[in-house]
Amino acid sequence: MSFDPAFAAEPAGLDAQLTLAARLIRDNQAAKLGGILRRQSVRFPARFPNDPRWRLLSALAWYVTGMDRAFALSEAQAARTIAPGFWPAHLAEAHLLCEIREMELIHGDFSETWRHGRRSRRRPDEDWFHEALDAAQMALALAPGAEVWNDVGAVHAAGGRFDLAAEAFETALGFDPGQRHAMANYAVALLATGQAERLRDYLDRNRLPVRLPECLAEVAAEDRVGALAQPPEPGEWRRTAVFSQHWWRVLPSMIDPAEEVPCA
Amino acid sequence: MRLSIAKCVWGARYVRTMLDVNLPSLLAPGNVPAAAARLPLEHLLVTTPADRAVIEAHPAYQALTRLIPCRIEPLQEMAATPDYMGQINQMNLAHRQILADCRARGATWVFDQPDHVWGDGSLDHLATLALRGARCVLFAGIRTNREQMVPILENWRGDATGTGPVMAIGNEPLLRLAIEHMHVHDQIRFWGPRFSTIGAHNVSWRVGSHSFLRRVFFAQPFLLAPPKEAVEPQRSVDLDYVERAYAPEELSTIANSRDFLVVEVSGRYQFREHTPYPLTVPYLAAWTRRWITDRQMDVFSTPIRFQADDTPEHRWQRMERFSGRIEAALRRSHALYEAQTVLAAERPLLAALLGRLLRDDHAHRRLALPEQASFFAPPEPVLAEWLELSGADLRTAVAGRLVAGRVVTRRDWPGPVRLPTLAGGVLDVYPHAGGGVTVGGVHLTPLDLPGGLRLYSPAAILADVEQTLSGECLE
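Going down the list, the sequences are from chains A and B. All the letters of the first sequence, read from the start, carry residue numbers 1365 to 1628 under the numbering used here. All the letters of the second sequence, read from the start, carry residue numbers 143 to 617 under the numbering used here.
Hints should not be assumed to be uniformly reliable.
Said to hold, decoys possible - Reference listing, derived: stretches of chain B covered by chain A, where coverage requires no fewer than 3 residues with Cβ under 8 angstroms from a Cβ of chain A:
{"hint": "1", "stretch": "323-331"}
{"hint": "2", "stretch": "336-349"}
{"hint": "3", "stretch": "413-425"}
If you're looking for bench data, these hints aren't it; they were derived computationally from the structure. Glycine residues also receive a C-beta, built at the ideal position from the N, C-alpha and C atoms.
Start from the sequences, fold in the hints, and give me the full structure.
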């Protein structure tokens, strides 16, 4: 396959590879890391096996191409094993574990529904996402901040604990009132917990950085949480919390601290 | 007539999948050997030079070359981004290459992908349809987990002596495996489970332990005769090409997996597009209204049976009726969306009422609207009060003024006509000679809205709506 000419000449050393990857992330072209991966095939993770940054870039490459979350997870876990204090690796592990466990949850729910011929009544227990939560809390212990608190909240939300998620998002906003993911996620968590008054008040005081589902705006105007239990518009599907992607967006500053981290 | 089994492939992972399962399944007795005995058949592969060397050295490909003519054409490479969308764009370009090749040779394209597994006998069934004059044959493959499927399929490898690259698995065992190892991508397109998808390209309903019914908006074409006019796909072969290249009467859908079955194998953790809400009529109505054409809605009306057990016929029919009612509800909802637009300018309260009902899944399930219905709207102050009600109370209030059919005629004058409502009560209606009615002392005038709904509403304001309707809707 042919790719961007910038990648035609493959940098040989670790530093050069890291600099190239940092540039791609800064330019919001992280998806191109997948191209490097595919060109170098299995040599990519094995190339610099003892460098946690490289292993995390490998995780990112597998993740952004959407091809294999399981391999991305194993790369993130390799990175945090090599360097237990490397907090982005813990955060990546939390994010990837959470997504994989969500997919397993869907699979389990489907299998049960199929077996019984009707919708499953079983809800995921709180432990379903505990590994992801452990990883997120490890990152939090190492580097407390708005983005990491947001991701802790996102794991809680995935497990259906929107009350705990709301607390985590609120804490994130305490660190940084402008953290864009936490701002939107907090509104989603308030909606999910039926706190219409607080949501209305929150939306009155804050201009959110992303377009939220119409139902949120309606809730802000009228108390109709019950009537809005189903998504009526195709764009309203995004009524769940999202991760900050901080684990990979922070990598350029760790590779080349002189540069600023790009906005999420 | 000649058939060309054609596909594109590049990259170690997809080449491996093709060599491990796709080509071996094509070699099954009921596929290439059977079809080649009935009509000219060839195999076309579009790939890169590096992948070509690997493919040509593989026993499965060599076995295929001994059965039918096989060609490998170089892939026209593009400067694509290497993410998933980049791959899709590259694939679409390769499909244009294949379409041009088929057009030049007058061949009918048997659409294939490197991650397809063909049930034994499926290709022969396609050949049969081609010989009967089929122009474009549609089906919907099942996506499965590669990590589970590929090792299990090894149990079906080998010819009569238990050796060789052939993989002969019948449609029923293949379907059983596909149900057991179905990918989340397909699981979230079932009616019932708590999770569903953002984009319901198809919808399925469980029928038995190893059977389900599927209706499809975006059907996959598996047989494409050269179209009467040269047409290029703008987005992809299955998204827009079929609609642009073939007239409705040229399409046929394979309706039973016992005749034909192809499954795809994909990474277990690929394709994450779920939403934590089940499929509902309001969601599907909103989504289809935005993304689905009338032609695709028509394709949805043909149910496909995926059948690998002895589920009795009456259960299939029951599910066909049930899913058919959902299709009817979607069409009705589309019309009611139009009605809501018409009402929005002059009757915002009625429009808001309709809007709330359209987003209420319970309303769709419990207010089973007949094909023709009449609604006797209350005065505006009452309507305003209704809008403050909870969902359940609102449904009850509406049902108390909703009547099946177009029930009042001038011959009923002077009344009263006692009409049974959908809430189980009775409504006393006094017809007028001019077509209007009086209900509860309020004079109402009828207006036919899209969706088979006759609205009786206070006369003065309705005149404005009528004007809007004649100006915008009937043009």
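Hints and how they fare:
Against chain A, the stretch 323-331 of chain B contributes 4 residues with a C-beta closer than 8 angstroms to a partner C-beta. That satisfies the three-residue criterion, and the hint holds. Three residues within the 8 angstroms Cβ limit are the bar, and the stretch 336-349 of chain B against chain A gives 4, so the coverage statement holds. Restraint check on the stretch 413-425 of chain B versus chain A: 10 residues with Cβ-Cβ distances below 8 angstroms, three needed, restraint holds.
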